[in-house]
Structures are given as structure tokens and as C-alpha cells.
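Protein chains: 2
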Amino acid sequence: MKFKAQVYVTLRPSVLDPAGTAVQSAMKQMDYHVESVRIGKYVEVVLEAENEDQAKEQLDQVCDRLLANPVIENYCFELTNLALVEAI
Amino acid sequence: MKFKAQVYVTLRPSVLDPAGTAVQSAMKQMDYHVESVRIGKYVEVVLEAENEDQAKEQLDQVCDRLLANPVIENYCFELTNLALVEAI
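Just so you know, the protein sequences line up as chains A and B, in that order.
Read in my numbering, the first sequence has 860 at position 33, and its numbers run on one by one without any break.
Read in my numbering, the second sequence has 889 at position 62, and its numbers run on one by one without any break.
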């Protein structure tokens with residue numbers, strides 16, 4: 828079965844975000860009333876798995892080992908079974 | 828009024844994604860059955876605006892000028908009125 832995962836990798840709240848701070852100050856200079864900007868990663872993965880549980884398990888491993896640095900980042904993901912989407 | 832925007836910046840489909848390709852080949856070496864990996868940006872912005880329309884207009888400007896390169900990237904965003912969330 829084919830699954831599409833949308834993975835969101837974000838810095839932990841306690842971690843400074845220099846890129847976000849830079850965007851925030853640029854926005855302030857442009858007179859936008861901005862309170863905060865946090866920049867993370869958005870990853871789309873299409874993979875094959877036996878079932879949804881296996882897909883979730885594999886994604887957890889991939890996030891831990893490749894996509895997110897557990898020391899400074901959190902991750903979450905949404906999973907879509909493409910077979911169901913195509914059936915609609 | 829305070830709004831929270833979740834902005835997704837992704838490479839246009841026709842644009843190569845070397846970072847995504849690198850993750851994809853690493854996943855293959857780990858025996859995952861992966862079809863594709865595309866890496867983009869996920870940005871959370873908290874800003875003040877008169878109303879939802881103004882917030883959308885400002886976000887479009889910020890995306891065009893600061894967050895996305897219109898030549899190679901697409902963007903979309905979801906907007907949440909934090910006043911409503913806090914009221915629940």
C-alpha cells in the first residue's frame with residue numbers, strides 16, 4: 828500500500844531561531860505588527876508499507892534518524908493512504 | 828486581532844530537490860520502500876491585523892517578499908484567529 832506523509836519538523840520552543848528572528852525583524856521594518864516567526868521543515872514522503880501501522884513505525888524511524896535532530900527539534904506527521912484517495 | 832499563520836513553502840514540482848534526493852537515497856539504503864521525498868519550509872507566524880482579510884493580504888506580501896522565492900517555490904498558508912481559539 829502506498830502512503831503519503833506530511834512531516835513537520837520544528838525547533839523546540841526553548842531553542843533560539845536565528846532565521847525566524849531575521850524574518851521577524853525584516854517584517855517589523857516593513858511595518859507589519861508581527862509577534863513571532865518560527866521556521867522549520869516541511870517534508871513530503873511517499874512510501875510503500877504493508878499497512879498504516881507499519882508506515883507510521885517506518886516514519887518514526889526516518890524522522891528520528893534522518894529528518895529531525897531530537898536534541899533541538901520536535902516532529903509530527905500526517906499520513907494519507909493514497910489508495911483511498913485514488914478510490915474517491 | 829491576533830492571528831497565527833502556518834505557512835508551507837514547497838519547491839515547484841519541476842524544480843530538482845537535492846536535499847530530498849539525498850534523504851531518499853539514504854532511506855533506500857536503510858531498506859525503506861520510498862518513492863519520493865520533497866523538502867520545504869514550514870513557518871509559523873503570529874501577527875496582529877484589523878481583520879482576517881488584512882491578515883491574509885499581509886501574509887501574501889510577506890510570503891512573496893521574504894519567505895518564498897516565486898521563481899522556484901510555491902506557498903500556501905492556514906490562518907487561525909487566536910481570539911476565537913482562546914475563547915473556546
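Certain hints may be false.
[Stated by the list, open to error] From the structure, some residues in chain A lie toward chain B, with a derived Cβ separation under 7 Å:
1. Y835
2. E862
3. G867
4. E871
5. V872
6. C903
[Unchecked claim] Calculated lysine-lysine pairs in the DSSO-like style (CA-CA distance at most 27 Å, straight line):
7. K831/A - K855/B
8. K868/A - K831/B
9. K855/A - K855/B
10. K883/A - K829/B
11. K829/B - K868/A
12. K855/A - K831/A
13. K855/B - K883/A
14. K829/A - K883/A
15. K829/A - K868/B
16. K868/A - K883/B
17. K855/A - K868/A
18. K883/B - K868/B
19. K829/A - K831/B
20. K831/A - K868/B
21. K855/A - K868/B
22. K883/A - K868/B
23. K868/B - K868/A
24. K829/B - K831/A
25. K831/B - K883/B
26. K883/B - K855/A
27. K855/A - K829/A
28. K868/B - K829/B
29. K855/B - K868/A
Hints are computed from structural coordinates only; laboratory data are not their basis.
All of these numbers come straight from a predicted model, not from anything done at the bench.
Ideal Cβ placement from N, Cα and C applies to all residues, glycine included.
For each hint, the structure was consulted:
1. Proximity of Y835/A to chain B holds as hinted, the smallest CB-CB distance being about 5 Å (cut-off 7 Å).
2. Hint status for E862/A relative to chain B: holds, with the closest Cβ pair at about 4 Å, below 7 Å.
3. Taking 7 Å as the C-beta contact cut-off toward chain B, the hint placing G867/A at the interface holds, the least distance being around 4 Å.
4. At about 5 Å, the closest approach between the beta carbon of E871/A and any beta carbon in chain B falls short of 7 Å, and the interface hint on this residue holds.
5. Using the Cβ-Cβ criterion of 7 Å, the hint placing V872/A at the interface with chain B is satisfied: the shortest such distance is roughly 5 Å.
6. A hinted interface residue such as C903/A counts as satisfied when its beta carbon comes closer than 7 Å to some beta carbon of chain B; here the least separation is about 10 Å, so the hint is violated.
7. Between the alpha carbons of K831/A and K855/B the distance comes to roughly 16 Å, so the proposed pair stays at or under 27 Å and holds.
8. In summary, the hint linking K868/A to K831/B is supported, as the alpha carbons are separated by about 17 Å, within the 27 Å threshold.
9. Between K855/A and K855/B the alpha-carbon distance is near 44 Å, which puts this suggested pair outside the 27 Å criterion.
10. A hinted pair counts as satisfied when its Cα atoms are at most 27 Å apart, and K883/A with K829/B does not qualify at roughly 35 Å.
11. With a C-alpha separation of about 24 Å, the suggested pairing of K829/B with K868/A holds against the 27 Å cut-off.
12. Pair hint K855/A plus K831/A does not hold up; C-alpha atoms about 37 Å apart against a cutoff of 27 Å.
13. Distance hint between K855/B and K883/A is fulfilled; the C-alpha atoms sit about 17 Å from each other, no more than 27 Å.
14. Our distance criterion of 27 Å between C-alpha atoms is met by K829/A and K883/A, whose separation comes to about 12 Å.
15. With a CA separation close to 24 Å, the supplied pair K829/A and K868/B stays within the 27 Å bound.
16. Taking the CA atoms of K868/A and K883/B, the gap is about 22 Å. The hint holds against a cut of 27 Å.
17. Annotation: proposed proximity of K855/A to K868/A holds, straight-line Cα distance about 23 Å (limit 27 Å).
18. Of the supplied pair hints, the one linking K883/B and K868/B holds, its CA atoms being roughly 19 Å apart against a limit of 27 Å.
19. A threshold of 27 Å between alpha carbons decides the hint, and for K829/A with K831/B the separation of about 33 Å lies outside it, so the pair is violated.
20. With a C-alpha separation of about 17 Å, the suggested pairing of K831/A with K868/B holds against the 27 Å cut-off.
21. Between K855/A and K868/B the alpha-carbon distance is near 21 Å, which keeps this suggested pair within the 27 Å criterion.
22. Straight-line distance between C-alpha atoms of K883/A and K868/B comes to about 22 Å, which keeps the hinted pair within the 27 Å bound.
23. A hinted pair counts as satisfied when its Cα atoms are at most 27 Å apart, and K868/B with K868/A qualifies at roughly 5 Å.
24. A hinted pair counts as satisfied when its Cα atoms are at most 27 Å apart, and K829/B with K831/A does not qualify at roughly 33 Å.
25. With a C-alpha separation of about 11 Å, the suggested pair K831/B and K883/B falls inside the 27 Å cut-off, and the hint holds.
26. For the hint pairing K883/B with K855/A, the CA-to-CA distance comes to about 17 Å; that is within 27 Å, so the pair holds.
27. For a cut-off of 27 Å, the pair hint linking K855/A to K829/A is broken: about 44 Å separates their Cα positions.
28. A C-alpha spacing of about 23 Å is found between K868/B and K829/B, which places the hinted pair at or below 27 Å, so the restraint holds.
29. Restraint check: the Cα-Cα separation between K855/B and K868/A comes to about 21 Å, which is no more than 27 Å; the hinted pair holds.
Checked against the numbered hints above, the structure breaks hints 6, 9, 10, 12, 19, 24, 27 and satisfies the rest.
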